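Chemist: Listed below, chain by chain, are the residues.
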Amino acid sequence: MQQALTDLSVLDLTHYVAGPYCTKLLADYGARVVKIEKPGEGDGARRLGPFHGDDPHPEKSGTFLHLNTNKKGITLNLKTATGTRIFRELVKDADILVENFSPRVMPGLGLDYETLGSASPGLVMTSISNFGQTGPYRDYRTTELVSFAMGVHMYNEGEPDREPLRFPGYKSQYLAGTHAAAVTMGAWFGSKATGLGQHVDVSIMECMVAPPEGAAVIMGYAFSGTQSGRQGSRREGAFPWGVYPCKDGHIFVYGIVGFFWPRIAAWLGMPELVEDERFATPEARREHHGDFDALFLPWLLEHTRDELFHSAQAQRLPVTPVYAIDEVLKDAQFNARDFFQEIDHPVIGSATYPGLPFKLPEAPTMPQGPAPLLGEHNHEVYCERLGYRREDQVRLHEMNII
Amino acid sequence: MSRLPLEGIKVIDHGIVYTGTAANALLADMGAEVIRVESIGRFPAMTRGYRPRPAPGLEEYPGYVDGEPGDRPWDRWFQLHAMNRNKLGITLELNRREGIEVYLKLVRRGDVIIENFSQGTMERLGLGYEVLSKVNPEIIMISASGLGTEGPYKGYSTFGTNLDAITGMTVLRGYPGSDFTERDLIPVWTDNVAASTVAFAALVALQYREKTGKGQFIDLSQAEGFLPHMGEALMDYTMNGRVGQAIGNRHSSNAPQGCYRCRGEDRWVTISVTSDAEWQAFAETLGNPEWAKEARFADTLGRWANQDELDRHIEEWTLQHDRYEVMHLLQAAGVAAGPVLGPADEYEDAHLNERGFFVEVTHREAGTHRYPGMFFRFSRTPAGIRIPPNCLGEHNDYVFGEILGMSREEITRLEELGVIGTEYLEQA
Chain A
1 MQQALTDLSV
11 LDLTHYVAGP
21 YCTKLLADYG
31 ARVVKIEKPG
41 EGDGARRLGP
51 FHGDDPHPEK
61 SGTFLHLNTN
71 KKGITLNLKT
81 ATGTRIFREL
91 VKDADILVEN
101 FSPRVMPGLG
111 LDYETLGSAS
121 PGLVMTSISN
131 FGQTGPYRDY
141 RTTELVSFAM
151 GVHMYNEGEP
161 DREPLRFPGY
171 KSQYLAGTHA
181 AAVTMGAWFG
191 SKATGLGQHV
201 DVSIMECMVA
211 PPEGAAVIMG
221 YAFSGTQSGR
231 QGSRREGAFP
241 WGVYPCKDGH
251 IFVYGIVGFF
261 WPRIAAWLGM
271 PELVEDERFA
281 TPEARREHHG
291 DFDALFLPWL
301 LEHTRDELFH
311 SAQAQRLPVT
321 PVYAIDEVLK
331 DAQFNARDFF
341 QEIDHPVIGS
351 ATYPGLPFKL
361 PEAPTMPQGP
371 APLLGEHNHE
381 VYCERLGYRR
391 EDQVRLHEMN
401 II
Chain B
1 MSRLPLEGIK
11 VIDHGIVYTG
21 TAANALLADM
31 GAEVIRVESI
41 GRFPAMTRGY
51 RPRPAPGLEE
61 YPGYVDGEPG
71 DRPWDRWFQL
81 HAMNRNKLGI
91 TLELNRREGI
101 EVYLKLVRRG
111 DVIIENFSQG
121 TMERLGLGYE
131 VLSKVNPEII
141 MISASGLGTE
151 GPYKGYSTFG
161 TNLDAITGMT
171 VLRGYPGSDF
181 TERDLIPVWT
191 DNVAASTVAF
201 AALVALQYRE
211 KTGKGQFIDL
221 SQAEGFLPHM
231 GEALMDYTMN
241 GRVGQAIGNR
251 HSSNAPQGCY
261 RCRGEDRWVT
271 ISVTSDAEWQ
281 AFAETLGNPE
291 WAKEARFADT
301 LGRWANQDEL
311 DRHIEEWTLQ
321 HDRYEVMHLL
331 QAAGVAAGPV
341 LGPADEYEDA
351 HLNERGFFVE
361 VTHREAGTHR
371 YPGMFFRFSR
381 TPAGIRIPPN
391 CLGEHNDYVF
401 GEILGMSREE
411 ITRLEELGVI
421 GTEYLEQA
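In order, the protein sequences belong to chains A and B. Counting from 1, position 175 in the first sequence corresponds to residue 175 in the numbering used here; the numbering is continuous, with no gaps. Counting from 1, position 146 in the second sequence corresponds to residue 146 in the numbering used here; the numbering is continuous, with no gaps.
Hints are computed from structural coordinates only; laboratory data are not their basis. Being a predicted model, the structure only gives us computed values, none of them experimental. A couple of the hints might just be wrong.
Unchecked claim - Using C-beta positions, here's what the derived DEER-type ranges look like:
hint: 1; chain 1: A; residue 1: A193; chain 2: B; residue 2: E360; range: 24 to 34 angstroms
hint: 2; chain 1: A; residue 1: G110; chain 2: B; residue 2: D276; range: 25 to 35 angstroms
hint: 3; chain 1: A; residue 1: G110; chain 2: B; residue 2: A332; range: 20 to 30 angstroms
hint: 4; chain 1: A; residue 1: E275; chain 2: B; residue 2: G67; range: 30 to 40 angstroms
hint: 5; chain 1: B; residue 1: G334; chain 2: A; residue 2: D93; range: 31 to 41 angstroms
hint: 6; chain 1: B; residue 1: R263; chain 2: A; residue 2: Q227; range: 14 to 24 angstroms
hint: 7; chain 1: B; residue 1: L301; chain 2: A; residue 2: R395; range: 39 to 49 angstroms
hint: 8; chain 1: B; residue 1: A295; chain 2: A; residue 2: R390; range: 45 to 55 angstroms
hint: 9; chain 1: A; residue 1: G195; chain 2: B; residue 2: G120; range: 36 to 46 angstroms
Claimed, not checked - Here are the simulated DSBU-like pairs of lysine-lysine, each with C-alpha atoms no more than 30 angstroms apart in a straight line:
hint: 10; chain 1: B; residue 1: K10; chain 2: A; residue 2: K192
hint: 11; chain 1: A; residue 1: K192; chain 2: B; residue 2: K134
hint: 12; chain 1: A; residue 1: K38; chain 2: A; residue 2: K79
hint: 13; chain 1: B; residue 1: K134; chain 2: B; residue 2: K10
hint: 14; chain 1: B; residue 1: K10; chain 2: B; residue 2: K211
hint: 15; chain 1: A; residue 1: K247; chain 2: B; residue 2: K154
hint: 16; chain 1: B; residue 1: K214; chain 2: B; residue 2: K10
hint: 17; chain 1: A; residue 1: K247; chain 2: A; residue 2: K330
hint: 18; chain 1: B; residue 1: K154; chain 2: B; residue 2: K134
hint: 19; chain 1: A; residue 1: K192; chain 2: A; residue 2: K92
hint: 20; chain 1: B; residue 1: K211; chain 2: A; residue 2: K192
hint: 21; chain 1: B; residue 1: K211; chain 2: B; residue 2: K105
hint: 22; chain 1: B; residue 1: K214; chain 2: B; residue 2: K154
hint: 23; chain 1: A; residue 1: K79; chain 2: A; residue 2: K60
hint: 24; chain 1: B; residue 1: K154; chain 2: A; residue 2: K330
hint: 25; chain 1: A; residue 1: K192; chain 2: B; residue 2: K214
hint: 26; chain 1: A; residue 1: K92; chain 2: B; residue 2: K211
hint: 27; chain 1: B; residue 1: K211; chain 2: A; residue 2: K72
hint: 28; chain 1: B; residue 1: K214; chain 2: B; residue 2: K105
hint: 29; chain 1: A; residue 1: K72; chain 2: B; residue 2: K214
hint: 30; chain 1: A; residue 1: K192; chain 2: B; residue 2: K105
Ideal Cβ placement from N, Cα and C applies to all residues, glycine included.
In isolation and in its complexed conformation, chain A is listed as follows (with noise of 0.2 angstroms):
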């Protein structure tokens, strides 16, 4: 029984997260991943927290190791004449390419795509990068920070009178690296019909602005001249919406149009107020919003977060329990779908992981395996599959090579 991407080689010399969650992808559903990292320090990526144990070390961080699962991982210097030519010899055997460095870099190193394309018709090559290949910003530095607030949805996040707020965590390069799986198979299907690949340039400023939610709001500026911006609180109108205390937690309602209204008097247990005036129109309840509150406000406390998202779900209304983290492992239906997963890892042992983003019920949940060490199958890679010696190997490591 076989995984579904087993067929594709994939080249990987990512670093950071969101050339490494591209290939992430390809390889959780068994693609063969070679990772190609510096000797010695690796991938940056392992000096990222959280670590285990807050243990500095780099097989131990949470980032990296999450990052990095079913790929087989090597060290290769890229900046020696030796480094490119072994290079050279791995890219022959892959079908795809990815990397994310700045674009100067492959160019650099001799390793740009018209070089590699022409020793290689048929191989995909994906990089992205913080501003595309081309362009006045093509080399300007980012940071996730920096990134986001550039991609347009900064603009409308936080209070009006303070500064904007980018997301947590390192959501446009994640974003990055899922939309560049996707046009890397893309890109790879077109080459399995017509034995040619191409150059990939993913930018994330361009996934930040494009559809569907970037495209969104610059659409709706277009057609109506007007930007909303930074709005903060609670909307009017359009309620019950955000985040409401109740007796155990918090639940989020979203914004609720017009027809949900008898949706809402039914969860409430007040099928009067579908006649109320005060709620009749938009309008009217934009006006009576104080009136509204004063009911729901002290209904909702005196419920659990569990009851008022089943009851609320019951009546088809869009409400769901707010978690903190350690409560999204212990969710209902995440557990019954069995979404995380156990991952054994040599340095860390085992630990519970996110797990696939879909599940192909055709091909069998294989185990998935751990982030590399560092120069973990460097023996495999560059011996049993290259054919070099053993003493070869030693010596391309003590120059540095490997």
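Given the structure of chain A, go ahead and fit chain B onto it with the hints provided.
Modeler: This is chain B only, laid out in the frame that chain A set:
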């Protein structure tokens, strides 16, 4: 003209709102034939407006071109135009026998069906996977619901920001130490992730089918598609038992890092200094002010511990400058900086314009606008907007006549029966 990579793949698009519509659009952008099936009898939530024919003065008017619903409001709604390109749009009443007959012709020749209706919709129409896989055993069907169609929350209803809450993102979406319950949380994010996750899933399933001949049904939970994006927060809990708090614009170790006010009304720039060398370059760019030489700012730990003070000094400087000016000055010194950009800014941004990100499209109902284009570039087979966002039933004649080979009489009969059309019925 080089053939686009997904040419030959046939997709049936039942997308509504954001995720389904955009997932299908991405496959269409890459060259798949995407036939978008809509209904003239049922108006979908927040896809072509809030209602088919809004009465004068309603709050959603700004969502239409120039704030005017016009004669065909459903073809003039901003969400449609933001993402619904490169598709062939048809209408079919799937609760009518004649509509289902035509639909099954599409299924027989199709490869992938993608829907994100409220759960159970396809089953209620008698068009669930069990039925359709008998019509075409190799069909791949993807249902993209918020929480998944199987499990204790089967049938549950969610929109984008609901998923933030249940994946732990809402509590982290805040200023450090502030009450997240007070915030508006309007911007939706998870649909961005779900759209390309669904497109990726379709291609993975197609590859599986190529190897094995088997189609399948994927019960995709958008929340599960998004949870790996919370990876480091989850790992900190599973490895260390730590429940994360909101840190806002700050960083776990880099300082200064923040969002600073610039000259003008509501103008901001973000800056991240990630090393001692960058700090030197940053201070030099600011003209080596006295405060930057203070001992407490001299090293990494000192800057991190004293960021409040640091931020105050920095903002005194940025307030005197234009946000783009700050970006260019700092970038020239090797420091990451970039302005907070809103939609008007994006349209004017020098980089996006040089890259040709926006595409001018003339649409028969909406007129001429600059549309967001592609987030990717294919070097050999460039992608673009080949077909503008489809008007309701715009390609009925082409799909029924040319693709399905139906006669003019058959098509007219369906129109007369109200099974197909180009306007919403009164009861929609």
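Chemist: If a hint holds in the structure, say so; if it does not, say that too.
Modeler: Results for each hint:
no. : hint                                   : result
1   : A193/A with E360/B: 24 to 34 angstroms : 31 angstroms, holds
2   : G110/A with D276/B: 25 to 35 angstroms : 32 angstroms, holds
3   : G110/A with A332/B: 20 to 30 angstroms : 27 angstroms, holds
4   : E275/A with G67/B: 30 to 40 angstroms  : 32 angstroms, holds
5   : G334/B with D93/A: 31 to 41 angstroms  : 37 angstroms, holds
6   : R263/B with Q227/A: 14 to 24 angstroms : 19 angstroms, holds
7   : L301/B with R395/A: 39 to 49 angstroms : 41 angstroms, holds
8   : A295/B with R390/A: 45 to 55 angstroms : 54 angstroms, holds
9   : G195/A with G120/B: 36 to 46 angstroms : 44 angstroms, holds
10  : K10/B with K192/A                      : 17 angstroms, holds
11  : K192/A with K134/B                     : 29 angstroms, holds
12  : K38/A with K79/A                       : 10 angstroms, holds
13  : K134/B with K10/B                      : 18 angstroms, holds
14  : K10/B with K211/B                      : 18 angstroms, holds
15  : K247/A with K154/B                     : 25 angstroms, holds
16  : K214/B with K10/B                      : 16 angstroms, holds
17  : K247/A with K330/A                     : 19 angstroms, holds
18  : K154/B with K134/B                     : 24 angstroms, holds
19  : K192/A with K92/A                      : 16 angstroms, holds
20  : K211/B with K192/A                     : 13 angstroms, holds
21  : K211/B with K105/B                     : 25 angstroms, holds
22  : K214/B with K154/B                     : 26 angstroms, holds
23  : K79/A with K60/A                       : 27 angstroms, holds
24  : K154/B with K330/A                     : 17 angstroms, holds
25  : K192/A with K214/B                     : 19 angstroms, holds
26  : K92/A with K211/B                      : 23 angstroms, holds
27  : K211/B with K72/A                      : 23 angstroms, holds
28  : K214/B with K105/B                     : 20 angstroms, holds
29  : K72/A with K214/B                      : 29 angstroms, holds
30  : K192/A with K105/B                     : 28 angstroms, holds
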